[in-house]
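Once you have looked at the hints, place chain C with the ligands on chain P.
2 protein chains.
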Amino acid sequence: MKIAVMGGDGFIGWPTALHLSEVGHDVHILDNLSRRWIDTELGVQSLTPMDSIQERTRIWHAETGRRIHFNLIDLGRDYELLKNWLGEHRPDAVIHFAEQRAAPYSMKSDRHKNYTVNNNVSATHNLLNALVELNLDAHLVHLGTMGVYGYSTVGAAIPEGYLPVGITTESGETVSQDILYPANPGSIYHMTKCLDQLLFQFYAKNDALRITDLHQGIVWGTHTAQTRRHEQLVNRFDYDGDYGTVLNRFLIQAAIGYPLTVHGTGGQTRAFIHIQDSVRCIELALKNPPARGSRVEIFNQMTETHRVRDLARMIGDMTGAEIAWLPNPRKEAPENELVVKNDKFLDLGLSPTKLKDGLLSEIVDVAKKYSYRVDRSRVPAVSAWTKDIAAKIVHDPEGRRLKSVS
Amino acid sequence: MKIAVMGGDGFIGWPTALHLSEVGHDVHILDNLSRRWIDTELGVQSLTPMDSIQERTRIWHAETGRRIHFNLIDLGRDYELLKNWLGEHRPDAVIHFAEQRAAPYSMKSDRHKNYTVNNNVSATHNLLNALVELNLDAHLVHLGTMGVYGYSTVGAAIPEGYLPVGITTESGETVSQDILYPANPGSIYHMTKCLDQLLFQFYAKNDALRITDLHQGIVWGTHTAQTRRHEQLVNRFDYDGDYGTVLNRFLIQAAIGYPLTVHGTGGQTRAFIHIQDSVRCIELALKNPPARGSRVEIFNQMTETHRVRDLARMIGDMTGAEIAWLPNPRKEAPENELVVKNDKFLDLGLSPTKLKDGLLSEIVDVAKKYSYRVDRSRVPAVSAWTKDIAAKIVHDPEGRRLKSVS
Ligand SMILES: NC(=O)c1ccc[n+]([C@@H]2O[C@H](COP(=O)([O-])OP(=O)(O)OC[C@H]3O[C@@H](n4cnc5c(N)ncnc54)[C@H](O)[C@@H]3O)[C@@H](O)[C@H]2O)c1
Ligand SMILES: NC(=O)c1ccc[n+]([C@@H]2O[C@H](COP(=O)([O-])OP(=O)(O)OC[C@H]3O[C@@H](n4cnc5c(N)ncnc54)[C@H](O)[C@@H]3O)[C@@H](O)[C@H]2O)c1
Chain P
1 MKIAVMGGDG
11 FIGWPTALHL
21 SEVGHDVHIL
31 DNLSRRWIDT
41 ELGVQSLTPM
51 DSIQERTRIW
61 HAETGRRIHF
71 NLIDLGRDYE
81 LLKNWLGEHR
91 PDAVIHFAEQ
101 RAAPYSMKSD
111 RHKNYTVNNN
121 VSATHNLLNA
131 LVELNLDAHL
141 VHLGTMGVYG
151 YSTVGAAIPE
161 GYLPVGITTE
171 SGETVSQDIL
181 YPANPGSIYH
191 MTKCLDQLLF
201 QFYAKNDALR
211 ITDLHQGIVW
221 GTHTAQTRRH
231 EQLVNRFDYD
241 GDYGTVLNRF
251 LIQAAIGYPL
261 TVHGTGGQTR
271 AFIHIQDSVR
281 CIELALKNPP
291 ARGSRVEIFN
301 QMTETHRVRD
311 LARMIGDMTG
321 AEIAWLPNPR
331 KEAPENELVV
341 KNDKFLDLGL
351 SPTKLKDGLL
361 SEIVDVAKKY
371 SYRVDRSRVP
381 AVSAWTKDIA
391 AKIVHDPEGR
401 RLKSVS
Chain C
1 MKIAVMGGDG
11 FIGWPTALHL
21 SEVGHDVHIL
31 DNLSRRWIDT
41 ELGVQSLTPM
51 DSIQERTRIW
61 HAETGRRIHF
71 NLIDLGRDYE
81 LLKNWLGEHR
91 PDAVIHFAEQ
101 RAAPYSMKSD
111 RHKNYTVNNN
121 VSATHNLLNA
131 LVELNLDAHL
141 VHLGTMGVYG
151 YSTVGAAIPE
161 GYLPVGITTE
171 SGETVSQDIL
181 YPANPGSIYH
191 MTKCLDQLLF
201 QFYAKNDALR
211 ITDLHQGIVW
221 GTHTAQTRRH
231 EQLVNRFDYD
241 GDYGTVLNRF
251 LIQAAIGYPL
261 TVHGTGGQTR
271 AFIHIQDSVR
281 CIELALKNPP
291 ARGSRVEIFN
301 QMTETHRVRD
311 LARMIGDMTG
321 AEIAWLPNPR
331 KEAPENELVV
341 KNDKFLDLGL
351 SPTKLKDGLL
361 SEIVDVAKKY
371 SYRVDRSRVP
381 AVSAWTKDIA
391 AKIVHDPEGR
401 RLKSVS
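Protein chains in written order, with UniProt numbering: chain P, 1 to 406; chain C, 1 to 406.
So that you can see chain P by itself, here it is in the shape it has in the complex (with noise of 0.2 Å):
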């Protein structure tokens, strides 16, 4: 299949790009390289080396043999480039994971939360149309997330997107209906994937798209079968308070002897699913396209999930590592309960790598490691979710959050 990768310079898209020219399909990865510009805004760099793409390309090619071509097009503002490399490429499939990702980046200010949703909306919707435009019939595979579905309170499992409910009519029947499962994101990135996903559906609808949207849980692990391949084929590592998810700060802190910061009382449960897992899941969703004019495929993308604190205490036991407890500058419910169905990926084969056997080699393999590139003052988390709970923290000259004032 010739494969466009939307995003492929991307810590996901670019083991799977590997993966999947590995696997012999015809890989174009188009990116902005806008994460590698924010890290520049930020100050902040992957803890592993990575280099340029267009490097990291020609040492697969020296590797393998194969060509994974890339382009450099914002899939947000440069639609008529995007519509014409698709015009004159017509991809079997489109990847799509190239959107601003970080929750915590989405609410640092008025013009990230501007920037995050003009950049989803906007890229989400330039491919859309103009896969209608061109009369494309691309199967496109998009990587939504667990958050769309906010945290339910009412105790029932988190199906695969959609919702059985029971709607009574006016003369008290009730008649039973499948619902896209209720949004309620918990932050500006989170609701740009709620967004997302009513772009998705009307153009299925309308337009006949075929459209698999992986609601998909934090992805942990840096090496895959064909990152390892070659030191400067690795994949970026990212750890600090905006890009770097709350597995790989505790990592990184473990590595450095410092403790481990929960936010509130770490109740916060969440899903988790290996990079190796993410790339394979995303294999299968190749493999298994919804039918034209059908509703969107939607799968659960994770393979486990953990409350926040039996995280840090796994690590804390494999480390040697101390727990500190900070406020929270999240606005989210302190405890919550999160039940995921995820049978459809399991059913077409997948066998997770679970944390308890991968975090070994996460800790010793990567974060250890490269330990001597950590910068410290990077690693906590300073974004906070409303001006209120912002006023209400005290930072360190380094930036470490310190604690509450009230």
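Bear in mind the hints are in silico, worked out from the structure with no lab data behind them. Hints may contain errors.
Copies of the same chain look alike in the list, so a pair counts if it fits in one copy or across any two.
As the list claims (entries may be wrong) - The calculated BS3-like cross-link candidates involving lysine-lysine, where the alpha carbons are at most 30 Å apart (straight line), are: (1) 344 / 287; (2) 341 / 205; (3) 205 / 108; (4) 344 / 354.
The model shown is predicted, which means the values in this text are computed figures rather than measured ones.
Coordinates of chain C with the ligands only, in the frame set by chain P:
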């Protein structure tokens, strides 16, 4: 109150600004005048001769001694201008009409789809973002549409925004929850109003903004008590295939002796409200803001429903016009029921002007009076919802749809 009327140069914005000025509020219009540019793009004009906004506000001042201030600001593109204006004036309420509002225009081409999505999402998001950034507790009243509900098929009356549903938990019990009515938009334009809804929900939850969303039916009628005060205060009347609603196009067809063009079986049921009632509803909404911290307040702003073919018959009976049946350029169900709850405005004292009472004056005072200004080639609706539909519809040289080829 100091009130900002975003999109106050438009069909509903203008009479709303006049009404609020008359009852003593300090009214400020913000508008980018994009609708006047779109008239130019399409080569169409209001049936009623419409003066510039500067001239209209000058005449209002001459007639009443009251000032309505006008500011040329693009809500979508000029975030900084918007924020500065709001920061300087700190209005008590903001009424938000400033969106591209025609479904056919939104479906014309890929460029029009992008324009509608980008304009509407950015305008709404910039406004919300600026209110939070400025810590401005203004009541935001937004004009949404009945079209966010889509065309329900389960036979339940459409509630005012929130639908009580039963959700079955893992343990087998059914829990009742209020959810935002599941969106099922029928065009790109309607979809943007569904995106708006999610933006409102997020900002009401995260930042406690006070927001009222008015899910409005098709607004008909031209005059209000204020626009009648001077010939040059007249409201706009759109009759072209993009911005003219079905009712306005019937009125014009009747006035110039053309048959009334019904699409498909004419079994589409639509909700209606008179412009004078729309203005009153907005005033009622302003007087009844939600409490800070509560969910988005939603009203259904409509007073009656009719099938398109019944409307055609009503106007045919009054004027002697015949009916012509044409293929439908929209992708929609040929027939739909529409039962809508609107108790909230009725309970607040709204006493509606019904079509059967107001139509005759609309025919005589508006359609016939200005019929010498009609450009007949602009009456037919030519935007098709998909390329397949477009390919099947044959037009005559004046753009009138003749018949479907299959
Ligand atoms: N990393 C996770 O834990 C996780 C979890 C759930 C969902 N996701 C989703 O998966 C996708 C990829 O995530 P990631 O961790 O690889 O993010 P990333 O930031 O590492 O990669 C995103 C890539 O997209 C590019 N991009 C952004 N906007 C673009 C635009 N307008 N035009 C072209 N390219 C653009 C960036 O330059 C970057 O290379 C995102 O959509 C994200 O929301 C990620
Ligand atoms: N007319 C109807 O029947 C109807 C029905 C339901 C809902 N509505 C909604 O009510 C609102 C007003 O409708 P209308 O019929 O008066 O439309 P209109 O097109 O006559 O007026 C909209 C006004 O907003 C301005 N505008 C658009 N984008 C802007 C931007 N980015 N910045 C500043 N100004 C901008 C336009 O120049 C125009 O003056 C719309 O949001 C529409 O969706 C209208």
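Hints violated by the structure (listed by number, smallest first): Hint check: nothing fails, all pass.
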